[in-house]
Structures are given as structure tokens and as C-alpha cells.
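S.K.: Sequence:
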Amino acid sequence: MTTETKDADAGASGTSGASGARAHRRRAARKPKRTGRRLTAALLLICLLATGGGLLIATSQLQDGADPNNKALTDAGATGNVAGDVGNAVARIFTYTPDTLDTTRQDAKELLRGEAAEQYDRLFARLAPRVAEQQISLTTNVIRTGVVDLTDTTAHVLLFLDQTSERKGGKPSTAAAQLSVTAEQHGGTWQITKIKAR
Numbered sequence: 001m002t003t004e005t006k007d008a009d010a011g012a013s014g015t016s017g018a019s020g021a022r023a024h025r026r027r028a029a030r031k032p033k034r035t036g037r038r039l040t041a042a043l044l045l046i047c048l049l050a051t052g053g054g055l056l057i058a059t060s061q062l063q064d065g066a067d068p069n070n071k072a073l074t075d076a077g078a079t080g081n082v083a084g085d086v087g088n089a090v091a092r093i094f095t096y097t098p099d100t101l102d103t104t105r106q107d108a109k110e111l112l113r114g115e116a117a118e119q120y121d122r123l124f125a126r127l128a129p130r131v132a133e134q135q136i137s138l139t140t141n142v143i144r145t146g147v148v149d150l151t152d153t154t155a156h157v158l159l160f161l162d163q164t165s166e167r168k169g170g171k172p173s174t175a176a177a178q179l180s181v182t183a184e185q186h187g188g189t190w191q192i193t194k195i196k197a198r
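In our numbering, the protein residues as written are 1 to 198.
Hints listed in this document are in silico derivations from the structure and should not be mistaken for laboratory results.
Glycine included, every Cβ here is placed at the ideal spot set by N, Cα and C.
Hints are supplied without guarantee of correctness; some may be wrong.
[Stated by the list, open to error] Straight-line alpha carbon distances no greater than 27 Å define the calculated DSSO-like cross-link-like pairs of lysine-lysine that follow:
no., residue 1, residue 2
1, K171, K71
2, K109, K196
3, K71, K194
4, K109, K194
[As the list claims (entries may be wrong)] Here are the in silico distance ranges between beta carbons for each label pair:
no., residue 1, residue 2, range
5, R126, A76, 17 to 27 Å
6, R122, D75, 28 to 38 Å
7, T139, N70, 31 to 41 Å
8, K171, I46, 47 to 57 Å
9, T153, A76, 14 to 24 Å
Generate the whole structure from the sequences, applying the supplied hints.
M.R.: Below is the structure:
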């Protein structure tokens, strides 16, 4: 009887030892996953904190170096006015059909001055014959306007455009464009003096 008890005890301890070993292996297998997740979460938190700190420093430097005369930062009304005037001007001078070339050119004479007017005249002289001959239409939509710098008389504006061109009988094609524009106020209206494609 003693022998049977010992054998039964050995069998029971062997069974519990085997299941205990399996349970230990399962816990060990789960442990790296938990550790990996914790490590990933910790690294993500460090990255977020570093990025946030970097953004705070960059913002502080921008504010410290900001021109106190820049109304784009302080006068929402004036900023909105120049953004609207310049955006409308760009849409008008870069929208045309074969039938509206004269109107577009007249708009450009009213809305452009100096270097921008000369640049536009050169472009228009090359473009107008092709527009008439190939029956090309161009529609420019100003998607977003950002006033970078604004004083009482001068503004620097960045514009994001969608331009759709179409030949008669063809399919329209749309392309994005960016312009950097300098404008000056004359007689209560903003006129573009420089245009640069970006």
C-alpha cells in the first residue's frame, strides 16, 4: 500500500509538474509581449514629449523674432482684406477663355504694377495666340491664402491654387500651383507688384 501511495503521489506530482511547467512556459511567452508593448509605449511617450518640447521652442523663437509691425499677426480685419483682394486678383488674371482675353488683359492692367505687370505682359504676349488658336480655357480657383507679412502699404502673400485647363472638345485637366505674391496698397486697393511661382 505504501508503494501504491508513493506511485500515485509520483504520478500526481508528475502531472502537476507537467502542467506547472506548461503554465510557466505560457507566462514566459506572454511576458515578452507585455514587455515589448510597455517598451513601445514608453518610446512613443518619449517621442511625443520630445516633439512637443521642440514645437514649444520653435513657437517661442518665432514669437520672439516676430516683427512687431507685422499686422498679419495682430490685425485680423486688415489681413482678411488683403487676402481677399489678392486672392480675387490672382483668380481674375489667371482665368481666361478665347472670348475673354481682352477682359483678362484689362483686369491685369488694373490689378498689376511694376515687375508683376511687365512679367504678365511678356507671358500674355506668348500665351494669347495659342489660347485663340487652340481654344484653350483656364479657370483658376484660389484654395487657400496665407498672409505672411503685412504693413500699412505692403503685403507678402502665399496662395495655393487649383487651375483647370481645357481645350475645346477635350477633357479638362486640373493642376495645383503655389504663388508667392507681393502687393502694395494704392488708392485703397491692393495691387500685385511681384509674382513668383513656388
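S.K.: Each hint should be assessed against the structure and marked as holding or not.
M.R.: Going down the list of hints, with the structure as the test:
This hinted pair does not check out: K171 and K71 have alpha carbons roughly 43 Å apart, beyond 27 Å. In summary, the hint linking K109 to K196 is supported, as the alpha carbons are separated by about 18 Å, within the 27 Å threshold. A distance of roughly 20 Å separates the Cα atoms of K71 and K194; the hinted pair therefore holds under the 27 Å criterion. At most 27 Å may separate the alpha-carbon atoms for a hinted pair to count; K109 and K194 meet this at roughly 14 Å.
Checked against the hint of 17 to 27 Å, the pair R126 and A76 fails, with Cβ atoms roughly 40 Å apart. In this structure, R122 and D75 meet the distance hint of 28 to 38 Å, their C-beta atoms being roughly 35 Å apart. Between T139 and N70, the C-beta spacing of about 33 Å keeps the proposed range 31 to 41 Å intact. The hint said 47 to 57 Å for the Cβ distance between K171 and I46, and at roughly 51 Å that hint holds.
Checked against the hint of 14 to 24 Å, the pair T153 and A76 passes, with Cβ atoms roughly 19 Å apart.
Hints 1 and 5 from the earlier list are contradicted by this structure; the remaining hints agree with it.
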